[in-house]
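With these hints in hand, go ahead and build the complete structure from the sequences.
Chains A and B supply the protein sequences, listed in that same order.
The opening position of the first sequence corresponds to residue 1 in the numbering used here, with each subsequent residue numbered one higher.
The opening position of the second sequence corresponds to residue 1001 in the numbering used here, with each subsequent residue numbered one higher.
Watch out, some of these pointers could steer you wrong.
[Claimed, not checked] Derived coverage of chain A by chain B (criterion: at least 3 residues anywhere in the stretch with Cβ under 8 angstroms from a Cβ of chain B; other residues may be distant):
1. 150-160
2. 277-287
3. 320-332
[What the hints assert, rightly or not] Computed cross-link-like contacts, SDA-like style, restricted to lysine to any residue with a CA-CA straight-line distance of at most 25 angstroms:
4. B:K1321 to A:N273
5. B:K1321 to A:E337
6. B:K1321 to A:R464
7. B:K1321 to A:R325
8. A:K318 to A:T340
9. B:K1320 to A:E337
10. B:K1222 to B:R1176
11. B:K1125 to A:R464
12. B:K1320 to A:L271
13. B:K1320 to B:T1040
[Unchecked claim] Derived CB-CB ranges, DEER-like:
14. B:T1041 to A:S88: 41 to 51 angstroms
15. B:S1310 to A:S286: 22 to 32 angstroms
16. B:Q1216 to A:D280: 25 to 35 angstroms
17. A:G228 to B:N1190: 53 to 63 angstroms
18. B:G1120 to A:S88: 27 to 37 angstroms
19. A:S329 to B:S1310: 19 to 29 angstroms
20. A:D312 to B:L1258: 54 to 64 angstroms
21. A:D280 to B:A1133: 31 to 41 angstroms
22. B:G1120 to A:L199: 40 to 50 angstroms
23. A:D312 to B:D1218: 46 to 56 angstroms
24. B:A1191 to A:S286: 55 to 65 angstroms
Simulated from the structure, these hints should not be mistaken for lab results.
We put the CB at the ideal spot given by N, CA and C, even for glycine.
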Amino acid sequence: MTRQILLSFSVGLLFAVPISAQQMRTIYAGDTLQNNPLDEVVVTGQYEPQSVKNSVYRVRTITNEQIRLRASTTVENILNTQLGMRFSNDLTLGESDIQLMGMSGQNVKVLIDGIPLIDRGATKQSLSQIDVNNIERIEVVEGPMSVTYGTDALAGVINIITKKAAKDNNLVIGARIQEESAGNEYAAFRKEGTHNGNLSVDWQHRGWLAQVSGSRNNFGGWQGNSEGRLLDWNPKDQWLASGTLGYRNRKVNTWYRLNFLDEDIYMPGALNNLNLMAVDKNYLTSRFTHMLQTEWGINDRLSFSGAVSYQDYERRTKTMRYNFRTGESALTTGAGEQDTAQFTSLVFRGTLQYKISDKVFLQPGIEINRNAGSGQRIAGTPIIADYALFISSELKPTPWLHIRPGLRFIRNSVYDAPPVIPSINTRFRISESVDIRAAYARGFRSPALRELYFTFFDANHSIRGNENLKAEYSNSFNAYVSWYGTELGNWRITSTLGGFYNRFNNLIDIGVAPDNPAVNTYVNIDRFRTVGTTFENSVYWKNLEASIGFSYIGRHNRLSDTETNIPGMVWSPEVNSNIMYYIRKWGTGINLFYKYNGDRPGYEALTQSNGEVTVNRTSVAAYHNADVSINKNITHYLTLVGGVRNLFNVTRIESSSLGDGSAHSGATSSLPVGYGRSFFLGLNFQWSKNTN
Amino acid sequence: MKTTMNTLKSVGLCAMAAIAVAACSRGNDPIPETPPSDGTTLTLQGGEGGGSAVNSVYVDLSAEQQTSVERAGWNLGFYSGAGFRVILNGTTGTSAMDAGTTDLAEVNATTFDISQLASGYEPSKMALYDDTAGRVEHTVIAEIAANEADNNVYVVNTVFGSEVDANNVWKIRVLRDGDNGYTLQYAQLNATDYETLRIAKDGDYHFKHVSFTGGQVDGEPKKADWDFIWGYNIYYTAMGPSVYIPYAFSDLIFINHLGGVSAAEVIFEDENGESTGKPTYADFAEADLSGVTFSNSRNVIASNWRVTPSPSPNIVVGTKKDRFYLIKDPAGNVYKLRFTSFTTEDGGTRGYPELEYTLVKRG
Chain A
1 MTRQILLSFS VGLLFAVPIS AQQMRTIYAG DTLQNNPLDE VVVTGQYEPQ SVKNSVYRVR
61 TITNEQIRLR ASTTVENILN TQLGMRFSND LTLGESDIQL MGMSGQNVKV LIDGIPLIDR
121 GATKQSLSQI DVNNIERIEV VEGPMSVTYG TDALAGVINI ITKKAAKDNN LVIGARIQEE
181 SAGNEYAAFR KEGTHNGNLS VDWQHRGWLA QVSGSRNNFG GWQGNSEGRL LDWNPKDQWL
241 ASGTLGYRNR KVNTWYRLNF LDEDIYMPGA LNNLNLMAVD KNYLTSRFTH MLQTEWGIND
301 RLSFSGAVSY QDYERRTKTM RYNFRTGESA LTTGAGEQDT AQFTSLVFRG TLQYKISDKV
361 FLQPGIEINR NAGSGQRIAG TPIIADYALF ISSELKPTPW LHIRPGLRFI RNSVYDAPPV
421 IPSINTRFRI SESVDIRAAY ARGFRSPALR ELYFTFFDAN HSIRGNENLK AEYSNSFNAY
481 VSWYGTELGN WRITSTLGGF YNRFNNLIDI GVAPDNPAVN TYVNIDRFRT VGTTFENSVY
541 WKNLEASIGF SYIGRHNRLS DTETNIPGMV WSPEVNSNIM YYIRKWGTGI NLFYKYNGDR
601 PGYEALTQSN GEVTVNRTSV AAYHNADVSI NKNITHYLTL VGGVRNLFNV TRIESSSLGD
661 GSAHSGATSS LPVGYGRSFF LGLNFQWSKN TN
Chain B
1001 MKTTMNTLKS VGLCAMAAIA VAACSRGNDP IPETPPSDGT TLTLQGGEGG GSAVNSVYVD
1061 LSAEQQTSVE RAGWNLGFYS GAGFRVILNG TTGTSAMDAG TTDLAEVNAT TFDISQLASG
1121 YEPSKMALYD DTAGRVEHTV IAEIAANEAD NNVYVVNTVF GSEVDANNVW KIRVLRDGDN
1181 GYTLQYAQLN ATDYETLRIA KDGDYHFKHV SFTGGQVDGE PKKADWDFIW GYNIYYTAMG
1241 PSVYIPYAFS DLIFINHLGG VSAAEVIFED ENGESTGKPT YADFAEADLS GVTFSNSRNV
1301 IASNWRVTPS PSPNIVVGTK KDRFYLIKDP AGNVYKLRFT SFTTEDGGTR GYPELEYTLV
1361 KRG
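Structure below.
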């Protein structure tokens, strides 16, 4: 027995596989139910909460257990071992962007409880501005969901589901404190390292519920290769608060929630020894996200879901000059050095779910978006309004077939929206343990406010927005075969093999203005395609829950359109694994989260002095991501968690030209990935009035 | 005691002699020889506009003098030296093209496509601007010929940019005015008539400046009264191996190469911050001059002295702290000079660069 465990554990480690157990779930989550992972309920794109198995979409979930056991302090950390997801870091701005299935963040829709989060530009900075302590789980759907969720949902949707109170009357008080080193740098509770704390109170009584939560997430930066006052990773201080008020009865469930973020990214400047001055920058962000959601079960056949959200996002750039000789400080006066960019977004969504019969389910819906922005590099104070009608239907003509066609009609106040967006999703149940999902969908991305109204003219820049842009759109096909394994003694195995093909058209890129070749603007110029396959497996065995996945994703090589003798696609492999193992005797869980990001080849063109163009192969190096954590229940209320992040101590990866040996090849630069192997230790406290 | 007596005696004699001389004549008012500056710090007054500050600044180190000249205040410069040459105002990125005719009336927006004068990141665009090394014999406008019929009309765009506004476009024709001057015929592109201006050469200056709207104007100081000019100017950059395109730079520094100034760059630290074996700014002394080769190239300093923001990692924006410059003025004075700040990131203000210099050797 022990040998078996050890064996599987070492095998697991070897193959970088994950594990978790029902018992662990029970103890850790205080859950009385023995959940079958396939019965995990998902909501993204569903008419009503649905089990993963019965969903017509292939939905991946990152469960509350995984999040808690990993003791993440950022959403990036939760997602960075997911298949098909990578992050790129912009250290100058202290921001990161996600890539999903080979596409960058502008083609990924980020939702919080089904409501899109606004961002100031194309990158999905919003992901790093969510309180991890409030996340119940994360649902990821790959492939376009533009019929339901509108713009941006080309590569897929990341829906962050926040914690909701349970149904029973109760009072729950939770607290968390966690200290983490940043690589080799650490100071207790402030400055170097990551310092996370949370306090939350949940109360429910006779259908009423109230939640309050406050968090601090402080990162002290990391010096890395920089010297003096400079840092490779800039300090970031976040204060997050949220409050929820709701009422629920048999027919209606209504809640209002306000999330608040205050973020300060601090960028110290180099000290000039000749004049003893230094200039520091702060990027100060505040976000208010108001959300009112309601579900109303009108009768057995008809229900209404409505959501209204208002978001106010402000980002201020502050630049200060310090004179170390005199101790004086003053704001600087250069262009863009003091700036406030402001964005607001109003979203209304309403859907009716109408079950005509057991075979026909209909969902008509309406969505209204109103986005406004202002700032130094935005021309005027534009407002974009977007109105959409969508309708989809779930048809179950026979017990083994499940078809969901959908259409979305859009009208936009600024640009010519695509008239209609179709999709069709199907699920074929071949047997009790095997099913196939196949889908075609069209995805689209509306031109962003920045692309329509950006303006930046100076000595050597002439860039302006283009109000005549069309939407980007994609035609996407995907198919998945899932095998749910029958119970094999204590074993349960599930596997899913999938493939996708996406063809993107009218991609918006910087190009030359048609009316003036000397001005750059945004144009619908580019085409792109991605192809990929994924193979995901999970194993459940006693106290072990493990998963291993592979993906092989190809991205179109743009140079192949003009150059011969180079491949049309460039491919990159990934392997990931989670292993969660619970030792009941010790009340202790051991967890491994791992991912291998394969090297990413590319091609670049170089113009030689004789005017000839040569093509070089380039490569972004492969790297491993791994976190290990150990959880131990100390008392009924208290859990200790500790571990290592970035086990492979990755800081930067090389991005090289493997060129032709001439003077200008072999240029190597490096991309920042992390700040090295870090250690963490945390305490979680949870007290509830009605213990179970 | 005896010494004192002698001293008194000499003083007395001198005084008497002086009175005698003064009594005879008050002429020969002695011009005191002004010693060159020992060095100081300067904040150049580029004026508003940040990276495209409105002024060029001419600096005379030995006189501790700076002269701000509004960049947009002039359009053409008429060479006062040997030969008949006309330069475009590089500090506004003025571009020009030969219109292929000698008839001003024939040139207008219909016969000439002004978009040709737009800036652009193509090697062919280099032909729109004067020589990037500042050689007078390599101007866009061909040497003004003695034979009037050989002097073509040029179309001039006075404002640098990727879009050309017809209001900034002028047509000009320059002729010789005897052996010591020029005749400028000029008009807005679509005008049917033209104005005429006579410009005489003046040996105190390299160039006499003309503004289309203001006639003859003051521009650069007398040629002996400046060592280098700082400011925005059209220049070039590499777009690939040996592929060069015109590129407007802020904060360019050109030495007064036509006036006999020469300069050298001393890099005393390598990329890793290690000494290169050369003396630092503080250490550099007259004795170190023997190992220095001065260059008369206009672009010895150019943009080499500062780092501007860039998306590349580990870039420290600011004046370069690993180097300083030696400037030898026409009188033979040698100064060591370093830039202390030029932009927000190094604690300075864009458009108001700060520098310090010290006399190394008196000429």
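Taking the hints in turn, this is what the structure says about them:
1. Here's how the segment 150-160 of chain A fares: 0 of its residues keep a CB closer than 8 angstroms to some CB of chain B, so the rule of at least three is not met and the hint is violated.
2. By the rule of at least three residues with a Cβ nearer than 8 angstroms to a Cβ of chain B, the coverage given for the segment 277-287 of chain A holds, with 3 such residues.
3. For the segment 320-332 of chain A, the stated coverage by chain B holds: 4 residues have a C-beta nearer than 8 angstroms to a C-beta of that chain, and at least 3 were required.
4. Distance restraint check for K1321 (chain B) and N273 (chain A): the Cα-Cα separation of roughly 9 angstroms lies within the 25 angstroms cut-off, and the hinted pair is therefore satisfied.
5. Our distance criterion of 25 angstroms between C-alpha atoms is met by K1321 (chain B) and E337 (chain A), whose separation comes to about 24 angstroms.
6. Distance check on the hinted pair: K1321 (chain B) and R464 (chain A) sit about 36 angstroms apart at the alpha-carbon level, beyond 25 angstroms; violated.
7. With a C-alpha separation of about 19 angstroms, the suggested pairing of K1321 (chain B) with R325 (chain A) holds against the 25 angstroms cut-off.
8. Our distance criterion of 25 angstroms between C-alpha atoms is met by K318 (chain A) and T340 (chain A), whose separation comes to about 9 angstroms.
9. For the hint linking K1320 (chain B) to E337 (chain A), the alpha-carbon distance of about 22 angstroms falls within 25 angstroms, and the restraint holds.
10. Our distance criterion of 25 angstroms between C-alpha atoms is met by K1222 (chain B) and R1176 (chain B), whose separation comes to about 23 angstroms.
11. With a C-alpha separation of about 22 angstroms, the suggested pair K1125 (chain B) and R464 (chain A) falls inside the 25 angstroms cut-off, and the hint holds.
12. Using a Cα cut-off of 25 angstroms, the hinted pair K1320 (chain B) and L271 (chain A) holds, with the two alpha carbons roughly 13 angstroms apart.
13. Pair hint K1320 (chain B) plus T1040 (chain B) holds up; C-alpha atoms about 19 angstroms apart against a cutoff of 25 angstroms.
14. In this structure the hint that T1041 (chain B) and S88 (chain A) lie 41 to 51 angstroms apart at CB holds, the actual value being about 44 angstroms.
15. Distance hint check: the CB atoms of S1310 (chain B) and S286 (chain A) are about 30 angstroms apart, consistent with the given range 22 to 32 angstroms.
16. Hint check: Q1216 (chain B) to D280 (chain A), Cβ distance near 48 angstroms, so the stated range 25 to 35 angstroms is violated.
17. The hint said 53 to 63 angstroms for the Cβ distance between G228 (chain A) and N1190 (chain B), and at roughly 58 angstroms that hint holds.
18. Remark: the range hint 27 to 37 angstroms for G1120 (chain B) to S88 (chain A) is upheld by a beta-carbon distance near 31 angstroms.
19. One distance hint, 19 to 29 angstroms for the beta-carbon pair S329 (chain A) and S1310 (chain B), holds here, with the actual separation near 26 angstroms.
20. Hint check: D312 (chain A) to L1258 (chain B), Cβ distance near 60 angstroms, so the stated range 54 to 64 angstroms holds.
21. Between D280 (chain A) and A1133 (chain B) the beta carbon distance is about 40 angstroms. The supplied range of 31 to 41 angstroms therefore holds.
22. Between G1120 (chain B) and L199 (chain A) the Cβ separation comes to about 59 angstroms, which falls outside the hinted range of 40 to 50 angstroms.
23. Between D312 (chain A) and D1218 (chain B) the CB atoms are about 54 angstroms apart, so this pair conforms to the stated range of 46 to 56 angstroms.
24. For the pair A1191 (chain B) and S286 (chain A), the beta carbons lie near 56 angstroms from each other, so the given range of 55 to 65 angstroms is met.
When held up to the earlier numbered hints, the structure conflicts with 1, 6, 16, 22 and fits the remainder.
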